[in-house]
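Enquirer: Residue numbers (the working numbering), protein chains in the order written: chain A, 1 to 522; chain B, 523 to 1044.
Simulated from the structure, these hints should not be mistaken for laboratory data.
Just to be clear, a hint being listed does not mean it is correct.
Each pair of labels, with its calculated beta carbon distance range [unchecked claim]:
| hint | chain 1 | residue 1 | chain 2 | residue 2 | range |
| --- | --- | --- | --- | --- | --- |
| 1 | A | R403 | B | T947 | 17 to 25 Å |
| 2 | B | A839 | A | G351 | 44 to 52 Å |
| 3 | B | K884 | A | T319 | 52 to 60 Å |
Here are a few chain B residues that sit away from chain A, every Cβ distance over 12 Å (derived from the structure) [stated by the list, open to error]:
| hint | residue |
| --- | --- |
| 4 | A647 |
| 5 | R746 |
| 6 | N785 |
| 7 | R857 |
| 8 | E866 |
| 9 | F972 |
| 10 | A1012 |
| 11 | Q1013 |
Derived coverage of chain A by chain B (criterion: at least 3 residues anywhere in the stretch with Cβ under 8 Å from a Cβ of chain B; other residues may be distant) [unchecked claim]:
| hint | segment |
| --- | --- |
| 12 | 205 to 217 |
| 13 | 310 to 319 |
Glycine included, every Cβ here is placed at the ideal spot set by N, Cα and C.
Number of protein chains: 2
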Amino acid sequence: MGPDRVVIFDTTLRDGEQSPGISLNATEKLEIAHQLARLGVDVIEAGFPIASPGDFEAVRAIAREVHGPVIAGLARAHAADVERAAEAVRDAERPRIHTFISTSDIHIEHQLQSTREDVKGSARAAVAHAKSFVDDVEFSPMDATRADAEFTAEVVQIALDEGATTINVPDTVGYATPQEYARFLTRLYELVPGLRDVVLSVHCHDDLGLAVANTLAGVQAGARQVECAVNGIGERAGNASLEEFVMLLATRAADLGFATGVNTREIARTSRMVSRLTGYPVQPNKAIVGRNAFAHESGIHQDGVLKDRSTYEIMDATTVGLEGNDLVLGKHSGRHALKSALQELGFSVEGQALNTAFKRFKEIADRKKTVTAMDLEALVTDELRDGLRSYTLKWFDVDVSNRRPPHARVAVQTPDGDEVLGDFTGDGPVDAIFRAINAATRREARLREFRIDAVTAGQDALGEASVVLELSGQSASGQGVSTDIIEAAAQAYVRALSNCERKVLAHAQQPALPEAELTPAP
Amino acid sequence: MGPDRVVIFDTTLRDGEQSPGISLNATEKLEIAHQLARLGVDVIEAGFPIASPGDFEAVRAIAREVHGPVIAGLARAHAADVERAAEAVRDAERPRIHTFISTSDIHIEHQLQSTREDVKGSARAAVAHAKSFVDDVEFSPMDATRADAEFTAEVVQIALDEGATTINVPDTVGYATPQEYARFLTRLYELVPGLRDVVLSVHCHDDLGLAVANTLAGVQAGARQVECAVNGIGERAGNASLEEFVMLLATRAADLGFATGVNTREIARTSRMVSRLTGYPVQPNKAIVGRNAFAHESGIHQDGVLKDRSTYEIMDATTVGLEGNDLVLGKHSGRHALKSALQELGFSVEGQALNTAFKRFKEIADRKKTVTAMDLEALVTDELRDGLRSYTLKWFDVDVSNRRPPHARVAVQTPDGDEVLGDFTGDGPVDAIFRAINAATRREARLREFRIDAVTAGQDALGEASVVLELSGQSASGQGVSTDIIEAAAQAYVRALSNCERKVLAHAQQPALPEAELTPAP
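Sequences are here, hints too, so could you generate the full structure?
Expert: Written out as structure tokens, the structure is:
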């Protein structure tokens, strides 16, 4: 008998995308969804369709264009939510509706300001309604780990009676310990024998550092679906990290006896793509995908690894795609070589997009000796960000010195095609150029975060800037890539400004639905 | 009966400091050790004295100047190591020697190229030797979780016979699951009844994302000392994160029944100091100390928190020191106000250091409307980096534009007091200024990493640059703080260059001890 198969349900685009400051557009979400399909996840939770027209469009595009995984849309236990989710996932090969309602008294009383009876009624109606659109219906009793097991079991039984095919038990606030979580699931099995006939799912948050361990405890208690996110992003301290859980099962397969369908060699690239598009860095000591996860610094460890890798390595860096990627282009590489290299990286780039990518590639190749796979990833991901109604940076000049205040001049093209000029004398060159952009565009955007990272090592590395701005109560991020960090910063700023402005416009156009503003996270 | 007290053994300065690219000088280590004492850890593992003269000096300085915690020095199971550690911790109020040797066959055969019999002899001799210097002796069977339990028990029995007072069982390669780890410890208790009379300790690595869960499993199996590091830094994916484990015990105290002596309100500041001095960023979704650990993005969560914080918060941000820190200075604040503010933050700054800090403070206050506690922390930490033999940036001019290549001119003062000039036309302003510094100092330093972060939010935020350089086979990091990121980057570069050069010099002067190059990590 082989290992037990665990379904990987990726919520990077739903719970992950709810992290503060992340604002993926539909193109970016689609690109991540394609990469998740290449990674081999079983289910992609593509978004929360009723939350906004943008969310709806992104889920629908993913449902239509991404093949392989089940495509799920989230819905509170309301008819309108369920209908919107059903419409968004309708064209998927295998659509799923995921509906939820809290079963903890603390949520029922304070959040929902409702009663246990009403919760049961809502759950019954929502699952039944979802079932009228799709066969594959998932139900989550939110905040279950802080809820009464008996009441949660009643609600789960109702969901099963109405035809739910997956029951997900979220540790919404990251409160449980592995033993408690396993006990809670075991108790649910006792109270709801029918649970054995469907898929039990776990969804763990990392507030106390236990998300992966709780997920493992859940699987050992009988769960066969795991909800997780790339790089462990998500509300607050995030969800269980997909890469950590998958590599735990893979590395300890002989002892644990579980397997997933994930192609682990796609892990590193998926992690980089998600980090780049969300603007969320991965810390160097992050397990599996951190820069140092496979580095050995101390003399004893290096000495041991040279003698025999197994002395200090329980995983091989090539199995997660961190090494063995030696694709390199140079300034003499042509359009065809670029297209092949991009295809090898999983990017299908054609027509005008290929022309733009080739132009950017040539600019970079003129400045850098070699253009690596990681440089190409950064460039292509950078290009994905354009194409929407936005500001464009035309040119800039900055004078920087520690002997006089820095002065910046910029020219920006507005969404209407006008070229506007601005200048500013600031505290630093970035401050000066950001304020010059504000002056040119006559926007009072407020800088909330700013970061610059190098894409690759070396003196001629590409710099990647990430900016989070706030404008009229809406916040959004933007990224920019260049060998010049001032240029990268200015690019990131105009993109963040464009994203903010789109959010402000969307918010102004949206009817004031009291429900629609409530984006949830089980 | 109250909760069981768990001893917190902090290894930030030993295992944490072994992370690639971290190179703390003695002043920085001392500052972190003082902060760890304020945080209330029970044991500070201050370093590995035989590894280098710098390590020895740092451990000795901490032993002499830091009061409260036990001060431990690490030693392999060799007489020379034990003697060096004994000398380094001798002046501590409560000194400890921590000695170790591997008990796994994979390490004994491939790493030590030794036999089980020799391992037993070495362990016996090392513990006995350590005991001749100090009462408080800790012994670790390295790679224990991959070792034969019976053989490990024999070695542990030997350590106990020779007087070891703490037995630490490391999961050196981060391989164990919580259940396995608990079973292994339970088996050791069965095989070595005398283990009940000393303190059992756990040391877990996070390679599979299980460090905190394994630590908890260890404590539940009887361990009463926990080895951990601030921000979870350490070899590869790092050690169990101190803040996660401490807050797990605090948040779940009623159910778990364990307590520590940590003042949790010092957690955020300690995390920031360690991140700043090591140059290791904390990812936004890191539990407890990540920027988003207490942020609520989704509408439902925000709505819930406004109605009742307990709906989505299991911890209060003020308990970890993330809020309630509203100390603010302005341009009219005087030297006395600065000194009081610094004292409130735990920094005792006097004489010339206060003059320098005040001068820097005034420069910043001229550019920023308000100077916050976090700005002050960054400034003071920045000042700690000087005072050693080093290069100093005197002035620079950079011309940046996307219409012509950026050009930089710099003046650098050498350690000998000469002012040297350099200039360079580069790919970006940072590239240009870095190469201009190389030209001025005639050094061929290679950039390995570069990062810029904002210290606080807002347009006039301080930028903090971090650079890792490689020079003649040695790598070291440097940080710089300024409202001008080009200046911060240049500062970071000259400091990294100074640190590299000191390492190169130290390496050239050191006698070629075959053992001394092997820095270990249980």
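Enquirer: Against each hint, give a clear statement of whether it holds in the structure.
Expert: These are the hints, each one checked on the structure:
no., hint, result
1, A:R403 <-> B:T947: 17 to 25 Å, "holds, 20 Å"
2, B:A839 <-> A:G351: 44 to 52 Å, "holds, 50 Å"
3, B:K884 <-> A:T319: 52 to 60 Å, "holds, 54 Å"
4, A647, "holds, 19 Å"
5, R746, "holds, 18 Å"
6, N785, "holds, 19 Å"
7, R857, "holds, 23 Å"
8, E866, "holds, 26 Å"
9, F972, "violated, 5 Å"
10, A1012, "violated, 8 Å"
11, Q1013, "violated, 10 Å"
12, 205 to 217, "holds (count 11)"
13, 310 to 319, "holds (count 6)"
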